[in-house]
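J.: Since the structure of chain A is provided, determine the placement of chain B on it from the hints.
Number of protein chains: 2
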Amino acid sequence: MTADRSAALTELIAALGPALSLDPTELDAARADKSGQRAADAPLAIVHARTADDVVAALRVATAHRLPVVPRGAGTGLAGGAMAGRDRLVVSTARMTRILEIDAVNQLAVVEPGVIVAELDAAAREQGLFYAPDPASRAWASIGGTIATGAGGLMCVKYGVTREAVLALDVVLADGTRERFGHRTAKGVTGLDLTALMVGSEGTLGVIVGATVRLTPVPRGETATIAAMLPSVVAAAAASSAIMASGLRPAALELIDPLSLAAIHRHLRLEAPAAGGTHLLVQCDGEQSGDDAERALAIIRAHGGDGRLTTDPADAERLLTVRRSFHPAMEATGHVLIEDVAVPRSRLAEMFAAIERISADHGVPIPTVAHAGDGNLHPNFVYTGDTVPEPVWRAAHAVFRAALALGGTLTGEHGVGVLKKRHLVEELGESQLALQRRIKAAFDPLGIMNPDAVL
Amino acid sequence: MTADRSAALTELIAALGPALSLDPTELDAARADKSGQRAADAPLAIVHARTADDVVAALRVATAHRLPVVPRGAGTGLAGGAMAGRDRLVVSTARMTRILEIDAVNQLAVVEPGVIVAELDAAAREQGLFYAPDPASRAWASIGGTIATGAGGLMCVKYGVTREAVLALDVVLADGTRERFGHRTAKGVTGLDLTALMVGSEGTLGVIVGATVRLTPVPRGETATIAAMLPSVVAAAAASSAIMASGLRPAALELIDPLSLAAIHRHLRLEAPAAGGTHLLVQCDGEQSGDDAERALAIIRAHGGDGRLTTDPADAERLLTVRRSFHPAMEATGHVLIEDVAVPRSRLAEMFAAIERISADHGVPIPTVAHAGDGNLHPNFVYTGDTVPEPVWRAAHAVFRAALALGGTLTGEHGVGVLKKRHLVEELGESQLALQRRIKAAFDPLGIMNPDAVL
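Protein chains in written order, with our numbering: chain A, 1 to 455; chain B, 1 to 455.
Hints in this document: simulated from the structure, not taken from any laboratory.
Worth double-checking, as some hints may not be accurate.
Stated by the list, open to error - Far from chain A, by Cβ distances over 10 Å, these chain B residues were calculated: (1) Leu22; (2) Asp41; (3) Arg50; (4) Glu126; (5) Ala405.
Said to hold, decoys possible - Just so you have them, the derived chain A footprint on chain B, three or more residues with Cβ under 8 Å: (6) 163 to 177; (7) 409 to 421.
Ideal Cβ placement from N, Cα and C applies to all residues, glycine included.
For reference, chain A alone in the conformation it holds in the complex (with noise of 0.2 Å):
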């Protein structure tokens, strides 16, 4: 360790006390998130903050001696932004567990960061309100990690994504000044609206330690659940377009590719499915579900499939399974690299099948699963060894062009991070790039916050 390293752990001890820790487990788990990879080295410490003021006293100390800062919550990415390596300073806001508000009048809460997303969703529905954000993870991700990814979910297709969601934040930038961006109330166009510009900024701006975020009355009437079957994904993918089309805004609507549910038949020891068998997981909420979920089901019929429905929420609980037990059935064949391409939801047919070709190209097999209301696609890659073998990385990278070639994006919902980083000027352009790497020196000029990560 340099001199100046050696000083800044020192300061940041005085700081800090018990909140900065050393111990060598805790900085090995910090190499790593849930993307499957983890970083060459450990990281120079970890600040487990208690309060914002803690953020303040860390980043004024990395700020002094230049240290790169890492942002953490509950490390449960899957692009590597929070994945911490040589000489980082890590700041993890996962112990600011505190709701601090949840005013059911004016339908919003105010919590710290370490929040968990199904604990803030929980504790609003006791008011008759619910989070919307719910991205897969959200019985383990926390609020700041989720509006720092701008996460997704299953949800976002009726209720919007988590930009939509996030009303106010109390950031602290590089330097350790604390700044309040937006409003408490329902709109508001007071300057740049900072607040959307740190959603999905991945630690690059600035460490968020509270979140002002709309809450949304849980629709009344009964939840209708529709799991069918359906000849081929061709004819899932059109029929998740028909049903988007036909201007119904079912709560959920997901596809499973026929790679993928055989692997979840195997994982769940049950008989395999017919060959092309395409599973399409259809959720209607709100006072007219039952009628929404005929008329989807419907739609499902007029293109070969069918399926089964019910409002019992047991019984849809168990309907809800195969989707549940995709990643378990993936992680139990080995690492899993999970691409987020999103496409127009009318090319979602054709994205499918440009993945099989480059399945079949790259001789890699590539399940996939879609938030198809959304043409949000999950292309898994399952390798083994401990680094993504390149063959996949090239295949990886052909289905991102493939989705950019359709008017695509690289990422619909889990960012950027590390991982997807070598992709980014394809889509920004060099110029965008520059801009982007402008602003964020607006907010960091000594470029400390993230600086492995996405820009």
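T.: Showing chain B alone in chain A's frame:
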């Protein structure tokens, strides 16, 4: 005119030909927007851009000569953001009026910035869709201008603000660089969200030359409209808050205070309303609209009011006449300065009480209407003469400070422009204002973009 200004004009004429106007009548018109204010002097010239290339050409010359640029849409803004004074080059996109595409399957439209909001909405409705942002000026306001100001409207309460409707933007930066921000996809988190940053940036970052916007399926079922009277503004504010807190999501929830109502009645030559009488307009859409409206009416009755409910479109139009006559009624009595504060919905009654106190203290009547479902108030200051009298500015300032004290904001949907710039630092603070200026400099290092507005 200096030699350099003269050289700049020569280059503009060469580059733009007939798209450049020096017509004194047009230059005089560009001094003003719909705020009732105007710049002291006329601008240098107006570019009536026909294409994005015209904008590029204009901004290259502007950058070469450090010519201040005022982007302009339809000129219907209410905060002076498009008012152009001495030596300014106006870049108008009002003549870029093509709807390039309505994609019914993906529920989006691709438009040039000069398309009028109501025209896009009408074109979308032919395909069973609509464009949700509906500023009161929708019949005259352009898409580009409403995006640049982050304009709101009546239906934000159910369908969200303009930011949520914008998927992608084509932008020309100060130096003439063209950039594409955002995605055609429903989701996307690739890099910093510069689309959201552009919304509400009021011409300070670049010129919007194209937009990809989200369309929404027209809800099935009838629209139910309630026109109600309540005995006081406090009762009406409480009823509004209770309607929203009940979980109902009306498509519009508008409040007209006693002073405004009396002015409207005078303007329409109706009998004077009862003293303290406050008008509430509620619209519910969707298949449950009748039930929802009955629930809203029950809440109004529980607050001492009563009203009439109709599902007949022609009858509803008549009920809407009162709300629609507000601005004409104000303008009939003099020049109007329209404020635009927003407060948390639950503080609406307190805000009305504060306005009443400020009115008495300053000896200035302040008729006020509110998008009550959003807590967004428009206090109006009517005056005679060409400039806003100082007592009016002082009262407007007191209104703004009262909103801030209630956890509110300076502007809910009109923007800061030139007229509210003086208040900006009070809401943002010095350090955030400095940060916003650094971000502007990342887009516009010479500071030529709308230099009189906002920052």
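J.: Does each hint fit the structure? Answer for all of them.
T.: A quick look at each hint next to the structure:
1. Leu22: At roughly 33 Å from the nearest Cβ of chain A, B:Leu22 sits farther out than 10 Å, so the non-interface label holds.
2. Asp41: Its Cβ never comes within 10 Å of chain A, the nearest being 27 Å, so this holds.
3. Arg50: 24 Å, holds
4. Glu126: B:Glu126 clear of chain A: closest Cβ-Cβ about 14 Å, beyond 10 Å.
5. Ala405: 12 Å, holds
6. 163 to 177: It holds: at least three residues are needed, and the stretch 163 to 177 of chain B offers 4 whose Cβ sits within less than 8 Å of chain A.
7. 409 to 421: With 8 residues closer than 8 Å to chain A, the stretch 409 to 421 of chain B meets the three-residue bar; holds.
The structure is consistent with each of the numbered hints, conforming to all of them.
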